[in-house]
Amino acid sequence: DVKVTQSSRYLVKRTGEKVFLECVQDMDHENMFWYRQDPGLGLRLIYFSYDVKMKEKGDIPEGYSVSREKKERFSLILESASTNQTSMYLCASSPLPGTGGGSNQPQHFGDGTRLSIL
Amino acid sequence: GQQLNQSPQSMFIQEGEDVSMNCTSSSIFNTWLWYKQDPGEGPVLLIALYKAGELTSNGRLTAQFGITRKDSFLNISASIPSDVGIYFCAGRQYGNKLVFGAGTILRVKS
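Quick note, the sequences are listed as chains W and E, same order. Counting in my numbering, the first sequence runs from 1 upward without gaps. Counting in my numbering, the second sequence runs from 1001 upward without gaps.
One chain only, chain W, in its complex shape (with noise of 0.2 Å):
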């Protein structure tokens, strides 16, 4: 079974702190993302990754970046974190097409940090 760990369930931070967000994978899939969750707004994709020290934009990546160092870690950096940021974050993993994986994979989801921004 894929396995998607995220380091926190639950984060409480102040406004102005710098964030840090940790989620591992364990299937050396080449494909990471990082969501925010709200209510009524489904997820939303901040940044997502397809190599190590590769990234692309999502469609809310203002007031983020992100980290791939290591193929299984993908790290999410609130720089200077607001009250607006309080949310569900969600990372999920997926490999790339042709890796045996086929073009279609699903992406599989860790379990989420509830970040409370004070």
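It is worth saying that the hints were derived from the structure and are not from the lab. Since this is a predicted model, take the numbers as computed values, not measurements. Possibly wrong hints are sitting among the right ones.
[Said to hold, decoys possible] Calculated pairs, DSSO-like style, for lysine-lysine (alpha carbon to alpha carbon, straight line, at most 27 Å):
(1) Lys53/W with Lys3/W
(2) Lys55/W with Lys18/W
(3) Lys18/W with Lys71/W
(4) Lys1051/E with Lys1109/E
(5) Lys1070/E with Lys57/W
(6) Lys57/W with Lys1097/E
(7) Lys3/W with Lys1097/E
(8) Lys53/W with Lys70/W
(9) Lys53/W with Lys1097/E
(10) Lys1051/E with Lys1070/E
(11) Lys1097/E with Lys71/W
(12) Lys1051/E with Lys70/W
(13) Lys57/W with Lys70/W
(14) Lys1097/E with Lys1070/E
(15) Lys1109/E with Lys55/W
(16) Lys13/W with Lys55/W
(17) Lys71/W with Lys3/W
(18) Lys3/W with Lys70/W
(19) Lys3/W with Lys57/W
(20) Lys55/W with Lys71/W
(21) Lys57/W with Lys71/W
[What the hints assert, rightly or not] Reference listing, derived: stretches of chain E covered by chain W, where coverage requires no fewer than 3 residues with Cβ under 8 Å from a Cβ of chain W:
(22) 1062 to 1072
(23) 1091 to 1101
Think of the CB as a built atom: it goes at the ideal place given N, C-alpha and C, for glycine as much as any other residue.
Place chain E on chain W using the hints.
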């Protein structure tokens, strides 16, 4: 960013009833996925659909990839209390990115 229109937003149904929910878009998708999220957990894949017209079942769940490639539906037959949760549809047009619906919250009366 693009969103899928998922309906209904929430449902409150009697145990044993059948449930239907759907997703529509103005754009064509090559893959449709249905996920379920239990409280306090991440979404878990229920069904994946890869061809227009495809009808796939997973136990009491049945999903179809619309023939126009712009919609998909999910049916749950004979609902039980553990069906409670949020159901998300997701579509892929190309590449690695998914677009998600806003979710359908399912509550079951026992």
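Tested hints:
no.	hint	in the structure
1	Lys53/W with Lys3/W	22 Å, holds
2	Lys55/W with Lys18/W	20 Å, holds
3	Lys18/W with Lys71/W	23 Å, holds
4	Lys1051/E with Lys1109/E	35 Å, violated
5	Lys1070/E with Lys57/W	25 Å, holds
6	Lys57/W with Lys1097/E	11 Å, holds
7	Lys3/W with Lys1097/E	20 Å, holds
8	Lys53/W with Lys70/W	8 Å, holds
9	Lys53/W with Lys1097/E	18 Å, holds
10	Lys1051/E with Lys1070/E	12 Å, holds
11	Lys1097/E with Lys71/W	18 Å, holds
12	Lys1051/E with Lys70/W	35 Å, violated
13	Lys57/W with Lys70/W	19 Å, holds
14	Lys1097/E with Lys1070/E	17 Å, holds
15	Lys1109/E with Lys55/W	45 Å, violated
16	Lys13/W with Lys55/W	25 Å, holds
17	Lys71/W with Lys3/W	14 Å, holds
18	Lys3/W with Lys70/W	16 Å, holds
19	Lys3/W with Lys57/W	24 Å, holds
20	Lys55/W with Lys71/W	12 Å, holds
21	Lys57/W with Lys71/W	18 Å, holds
22	1062 to 1072	violated (count 0)
23	1091 to 1101	holds (count 6)
The structure shown violates the earlier hints numbered 4, 12, 15, 22.
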